[in-house]
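Peer 1: Those sequence lines, one after another, are chains A and B. Under our numbering, the first residue of the first sequence carries the number 453, and numbering increases by one thereafter. Under our numbering, the first residue of the second sequence carries the number 6, and numbering increases by one thereafter.
There may be inaccurate statements among the hints.
When the alpha-carbon atoms are kept at most 20 Å apart in a straight line, the in silico SDA-like pairs for lysine to any residue are as follows [as the list claims (entries may be wrong)]:
# : chain 1 : residue 1 : chain 2 : residue 2
1 : B       : Lys103    : A       : Pro533
2 : B       : Lys8      : B       : Ala68
3 : B       : Lys103    : A       : Pro548
To be clear, the hints were calculated from the coordinates, so they are not data collected in a lab.
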Amino acid sequence: DAGVIQSPRHEVTEMGQEVTLRCKPISGHDYLFWYRQTMMRGLELLIYFNNNVPIDDSGMPEDRFSAKMPNASFSTLKIQPSEPRDSAVYFCASSPRRRGTEAFFGQGTRLTVV
Amino acid sequence: DAKTTQPNSMESNEEEPVHLPCNHSTISGTDYIHWYRQLPSQGPEYVIHGLTSNVNNRMASLAIAEDRKSSTLILHRATLRDAAVYYCILRDWGNTDKLIFGTGTRLQVFP
């Protein structure tokens, strides 16, 4: 397996534009997590899914943020409209739902909103 | 969410052992202790995890206190490549199953 794949790796957009980040989890994994990392706030859990169903979205900062998982092999994190304070590195991770197993992280998407 | 406490930073010389401490006094019976690390410009990567007993793998060892309120990640011989931020995380398997990251310990390794 190629691991967790995120795209794009880098995204620069203007304030007010819609941004869509994509994630392909490892095949067979039940959980999918979206994180945001900034210098000020560290690694924050935004939302996570179990078998494509959102379980906890309490970390999603505002209504401008939305996440979907239409099938087991694809998830999106959308920001509409984007703002400069959304600039961060966004990570996606997946893991099996088996006791004691680890999560695997993608390489992240570096988002810059100007 | 159960919390962990780690020192902000630690230093080591190359080829010396490193002991990274973590306190988790509010740990519950279903919490697994996980360690991840994040190398510069990369996503976090799994290091090791345990429940009650000490654990060893090719990367590191995990020593867990008898009362489970603290643990120590042991790198037996630090290399320059081990310079990273190390995160100690409690994962509540069977309940929320979330991975909540704290601030971690930044490890510097000197040649």
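Peer 1: So, for every hint listed, does it hold in this structure?
Peer 2: Verification of the supplied hints:
1. A hinted pair counts as satisfied when its Cα atoms are at most 20 Å apart, and Lys103/B with Pro533/A does not qualify at roughly 28 Å.
2. At most 20 Å may separate the alpha-carbon atoms for a hinted pair to count; Lys8/B and Ala68/B meet this at roughly 18 Å.
3. Using a Cα cut-off of 20 Å, the hinted pair Lys103/B and Pro548/A holds, with the two alpha carbons roughly 12 Å apart.
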